[in-house]
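Protein sequence lines correspond, in order, to chains A and B.
For the first sequence, my numbering assigns the number 64 to the initial residue and increments by one for each residue that follows.
For the second sequence, my numbering assigns the number 164 to the initial residue and increments by one for each residue that follows.
Just so you know, the hints here were simulated from the structure itself, not pulled from any lab data.
Keep in mind it's a predicted model, so treat the numbers as computed, not measured.
Each hint should be verified, as a subset may be incorrect.
[Stated by the list, open to error] With a Cα cut of at most 30 Å, we get these calculated DSS-like pairs of lysine-lysine:
{"hint": "1", "chain 1": "A", "residue 1": "K339", "chain 2": "A", "residue 2": "K557"}
{"hint": "2", "chain 1": "A", "residue 1": "K557", "chain 2": "A", "residue 2": "K585"}
{"hint": "3", "chain 1": "A", "residue 1": "K592", "chain 2": "A", "residue 2": "K557"}
{"hint": "4", "chain 1": "B", "residue 1": "K196", "chain 2": "A", "residue 2": "K616"}
{"hint": "5", "chain 1": "B", "residue 1": "K170", "chain 2": "A", "residue 2": "K585"}
{"hint": "6", "chain 1": "A", "residue 1": "K369", "chain 2": "A", "residue 2": "K486"}
{"hint": "7", "chain 1": "A", "residue 1": "K285", "chain 2": "A", "residue 2": "K585"}
{"hint": "8", "chain 1": "B", "residue 1": "K196", "chain 2": "B", "residue 2": "K211"}
{"hint": "9", "chain 1": "A", "residue 1": "K616", "chain 2": "A", "residue 2": "K632"}
{"hint": "10", "chain 1": "B", "residue 1": "K170", "chain 2": "A", "residue 2": "K629"}
{"hint": "11", "chain 1": "A", "residue 1": "K521", "chain 2": "A", "residue 2": "K568"}
{"hint": "12", "chain 1": "A", "residue 1": "K629", "chain 2": "A", "residue 2": "K616"}
{"hint": "13", "chain 1": "A", "residue 1": "K345", "chain 2": "A", "residue 2": "K521"}
{"hint": "14", "chain 1": "A", "residue 1": "K630", "chain 2": "B", "residue 2": "K339"}
{"hint": "15", "chain 1": "A", "residue 1": "K414", "chain 2": "A", "residue 2": "K285"}
{"hint": "16", "chain 1": "A", "residue 1": "K486", "chain 2": "A", "residue 2": "K335"}
{"hint": "17", "chain 1": "B", "residue 1": "K307", "chain 2": "A", "residue 2": "K592"}
{"hint": "18", "chain 1": "A", "residue 1": "K486", "chain 2": "A", "residue 2": "K438"}
{"hint": "19", "chain 1": "A", "residue 1": "K616", "chain 2": "A", "residue 2": "K585"}
{"hint": "20", "chain 1": "A", "residue 1": "K345", "chain 2": "A", "residue 2": "K285"}
{"hint": "21", "chain 1": "B", "residue 1": "K307", "chain 2": "A", "residue 2": "K143"}
{"hint": "22", "chain 1": "A", "residue 1": "K632", "chain 2": "B", "residue 2": "K170"}
{"hint": "23", "chain 1": "B", "residue 1": "K339", "chain 2": "A", "residue 2": "K629"}
{"hint": "24", "chain 1": "A", "residue 1": "K592", "chain 2": "B", "residue 2": "K170"}
{"hint": "25", "chain 1": "A", "residue 1": "K616", "chain 2": "B", "residue 2": "K339"}
{"hint": "26", "chain 1": "A", "residue 1": "K585", "chain 2": "B", "residue 2": "K211"}
{"hint": "27", "chain 1": "A", "residue 1": "K616", "chain 2": "A", "residue 2": "K592"}
{"hint": "28", "chain 1": "A", "residue 1": "K183", "chain 2": "B", "residue 2": "K170"}
{"hint": "29", "chain 1": "A", "residue 1": "K345", "chain 2": "A", "residue 2": "K335"}
[Claimed, not checked] Estimated spans, in silico, between C-beta atoms of each pair:
{"hint": "30", "chain 1": "B", "residue 1": "L221", "chain 2": "A", "residue 2": "P192", "range": "32 to 42 Å"}
{"hint": "31", "chain 1": "A", "residue 1": "R175", "chain 2": "B", "residue 2": "F366", "range": "44 to 54 Å"}
{"hint": "32", "chain 1": "A", "residue 1": "N261", "chain 2": "B", "residue 2": "L221", "range": "34 to 44 Å"}
Here a beta-carbon is modelled for each residue, glycine too, at the ideal position from N, C-alpha and C.
Listed below, chain by chain, are the residues.
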Amino acid sequence: QHYFIQSNLSSITDSESSSYFLPTKRGMLETLSDFSRFLGSFWGVFTILAVCAPAALAVHEFTAYRMNQYTHGGIDYGCKSNMINYEARPADANIVTRRVVLLSMGEVSVDRMRELISNKAGSVLIALPNNSTTLTQEEVDQWSEVEQALMEQSTDTSVYFTYQDPELMDIYNEVRTGLNSDHAATAAAALGNVFQSNGYQIVTYGAAPLPAKSSFYTIQSKLMSQSREASPSIAIVAHFDSYGISPHLATSSNSNGSGVSALLEIARLLSKLYNKSGNVPKYDIIFLLAGGGKLNYLASKTWLEKRLQSDSPESAILNEVEFVLCLDSIGKDGLHFHVSKQPKEGTAGFKLLSAFEEAAALLYPEIPIQTVPKKVNLGNPLFAWHHEIFTVKRLSAATMSNYATHTSPGRLSTFDTAIQRDKLFAHTHIIAEGLARYVSELSDSSAIILNDNMLPNKDILSRTVDFLSSTQRAATLLQRDSPVLLSLEQVLSKYTSEVIVSELKAAKRDPEFQFYDQTETKLFAYNVKPAVFDLFLAIAVIAYLATFYLTVKSVPRALTALYQAKKLKSS
Amino acid sequence: TLLYTIKFELAMTLFHFGNCLALAYFPYLIVYKNSILSEYSSFWPCVKAGGIYILTQLCKMVILATFFPTYEVPLGKIDLHGELMKGAVELFDLIGLFLIISQQIGRGDLKILVAGVGWSMAELLSMRLLPLWVGARGIEFSWKYIQLSLEANISLAHHIVMAMLIWLYTRNNVEKSVLPLIVSLLLLSSSKQTLLELVGTLFHISSLGILGLSVLLTVLVSLIATHLYVSLCIQDNSWGNPKYKM
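If we strip away everything but chain A, and leave its shape as in the complex, we get (with noise of 0.2 Å):
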């Protein structure tokens, strides 16, 4: 027994020294192969099954708003790229290149912005809170800023918008409260935060952004006077495009959804005042709604340009035109007449302003009607209102604005989503009553001439508000058949003839203007380590592997202890 004892450690430590611990590389992947082989084709329906059946991975998916992005007279504008794979970091990250830099909007400044975007920061994703009625004034004005100053230039970062929804503000407050090895105090709280930190990976697969159609439209129609010949006429207009941050997020309320459902009821009370029997008014009216008034009134500048050139058919809709009128935004307090010089007594603008200012004092005597006069600034290629496109080619015209200066922030807000009701009916009241004075001629001037049924319906003009208000109508998105531009038309068609929509294509060689498309993506969230967890897991695999070993090594030892204590036991 002895003999055999000893024979059993003397072929324990033969095996030892036979075997060796790790098999040669070329060993590990012949069997690797060779198992491969065997099982894959078989075995690979039943393990495709398994893996396909549904195993959550925690990615959190979400749509975001590219900002703005064109190319004006050459010149480009907003953000240029929509590249972003990038890991995310706090508003107050100081390595912002090749990363993401998740805000809040509360924490958009200009100077940050600024600070980001010089930095060459890789993205910025800024989440919009869900309700914007909860933002105060001087937040929105703030935020209209922070607006201008990120449009004013173009760059290569990539700016998102998005929701706040529950799982990214988790993912929000998790990358600001986040630990990372810039702030840990000893080295041992480094390893921890390694293993325990949760970093995130935004990624979007979304092509580059490419050159997309652009297109400007405009809608014009006529109310016709009875009589034979020429008659006189007038002009309304309004732009009826939006504009956001982002052309997913423009609601434009005010500017210029006012204006527009303004037109559309003054232009069913006129209709009805034409269509009574008496008096028909002598003067034609031109309605006219143009697509581009955020950009620089493009639209109604190349339709006014295509009709006054004198051989074209469509230019005898301008000869006999007295006045233009441009609406924009009337659905706040304050009703402004701006002119680009003061009109002079007998000239059509002065008639038209005495007409509004009596059905002002008429119908709302607390409502004041200011004439607001500011010379156009040829040196500046931006127009400051819609009527200086007019005036340029010497027609007359103005533009009826609460506004008070074309710089106010709220004509360019992406949180231009609520308007005072009563001032919309009211404001619309006196330019309908005013309108309808001019074109009558009356001896009377204390009659009202709209009344009775001919009165404005302020269910009618809320209503118009709130569809426009939540239809797409970013110019740049616009189609012919977009649901903006087939309701506009449809009503202009209910109350007044000769509907004409038209399309102004940009150039295809050196347009004016360029649109691009990817306004809108899907974003994937995805959980990260550091890289150097798995590092510190590889040192722990390592150790395991090893206490592995030498157990399996030890076993042989701990078995015949255990087998030579039991035969003492037994004998």
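Guided by the hints, dock chain B onto chain A, whose structure is given.
This is chain B only, laid out in the frame that chain A set:
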């Protein structure tokens, strides 16, 4: 530098896959190379054992599909009937292991090791390799891949123990009194997976906890089995060759 960073990121995701693969696979290699398996060039017997594993799984799937069609169970609730049936079908594993052991000629401990290592290796390659390849290389990190690799380790020990118990059962000089113990341990082992799932759902234990319970159970069973094995060897007087872990 962009190319460098892209290559680096690709390498990092492969690194995690490599970690998990090493954790799962190297223990098998260590056992193979440091036991009599390598002495007796048991590669093909192990492969054959793996083949029997596949056949057994196929049979189980066919039976489950034919006789026990699945239906939707709301999350959190336990489909007792279905789980019992699944547990019953697991007994086929015992038949499979028995086939492997009875088919071999040679020393007892070699048979046990071939059965245990071959069986669990086949399980590793079929059930765990593809999920690792697909998932561990992805951008999204999840602890479950490390968990999967640890399960492969437990499975190795577990199947060696089961093979040992089955071998003991087949020996005709085993004491009659311990036979019921062996049978009950075998039943417990074969249905370990089902049992743990049930307990996990009932008591809302995290997956890490279930892993811990699995380790505990395997260790317990292996201790008892080893004792029985050594006792048998004393009776046999066949302690002629070095034994290896469980």
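Hints, one by one, checked against the model:
no.: 1; hint: A/K339 to A/K557; result: holds, 16 Å
no.: 2; hint: A/K557 to A/K585; result: violated, 41 Å
no.: 3; hint: A/K592 to A/K557; result: violated, 62 Å
no.: 4; hint: B/K196 to A/K616; result: holds, 11 Å
no.: 5; hint: B/K170 to A/K585; result: holds, 25 Å
no.: 6; hint: A/K369 to A/K486; result: violated, 36 Å
no.: 7; hint: A/K285 to A/K585; result: violated, 44 Å
no.: 8; hint: B/K196 to B/K211; result: holds, 18 Å
no.: 9; hint: A/K616 to A/K632; result: holds, 26 Å
no.: 10; hint: B/K170 to A/K629; result: violated, 59 Å
no.: 11; hint: A/K521 to A/K568; result: violated, 37 Å
no.: 12; hint: A/K629 to A/K616; result: holds, 21 Å
no.: 13; hint: A/K345 to A/K521; result: holds, 28 Å
no.: 14; hint: A/K630 to B/K339; result: holds, 20 Å
no.: 15; hint: A/K414 to A/K285; result: holds, 22 Å
no.: 16; hint: A/K486 to A/K335; result: holds, 23 Å
no.: 17; hint: B/K307 to A/K592; result: holds, 14 Å
no.: 18; hint: A/K486 to A/K438; result: holds, 28 Å
no.: 19; hint: A/K616 to A/K585; result: violated, 54 Å
no.: 20; hint: A/K345 to A/K285; result: holds, 13 Å
no.: 21; hint: B/K307 to A/K143; result: violated, 39 Å
no.: 22; hint: A/K632 to B/K170; result: violated, 64 Å
no.: 23; hint: B/K339 to A/K629; result: holds, 19 Å
no.: 24; hint: A/K592 to B/K170; result: holds, 17 Å
no.: 25; hint: A/K616 to B/K339; result: violated, 33 Å
no.: 26; hint: A/K585 to B/K211; result: violated, 49 Å
no.: 27; hint: A/K616 to A/K592; result: violated, 35 Å
no.: 28; hint: A/K183 to B/K170; result: holds, 22 Å
no.: 29; hint: A/K345 to A/K335; result: holds, 15 Å
no.: 30; hint: B/L221 to A/P192: 32 to 42 Å; result: violated, 56 Å
no.: 31; hint: A/R175 to B/F366: 44 to 54 Å; result: holds, 49 Å
no.: 32; hint: A/N261 to B/L221: 34 to 44 Å; result: holds, 41 Å
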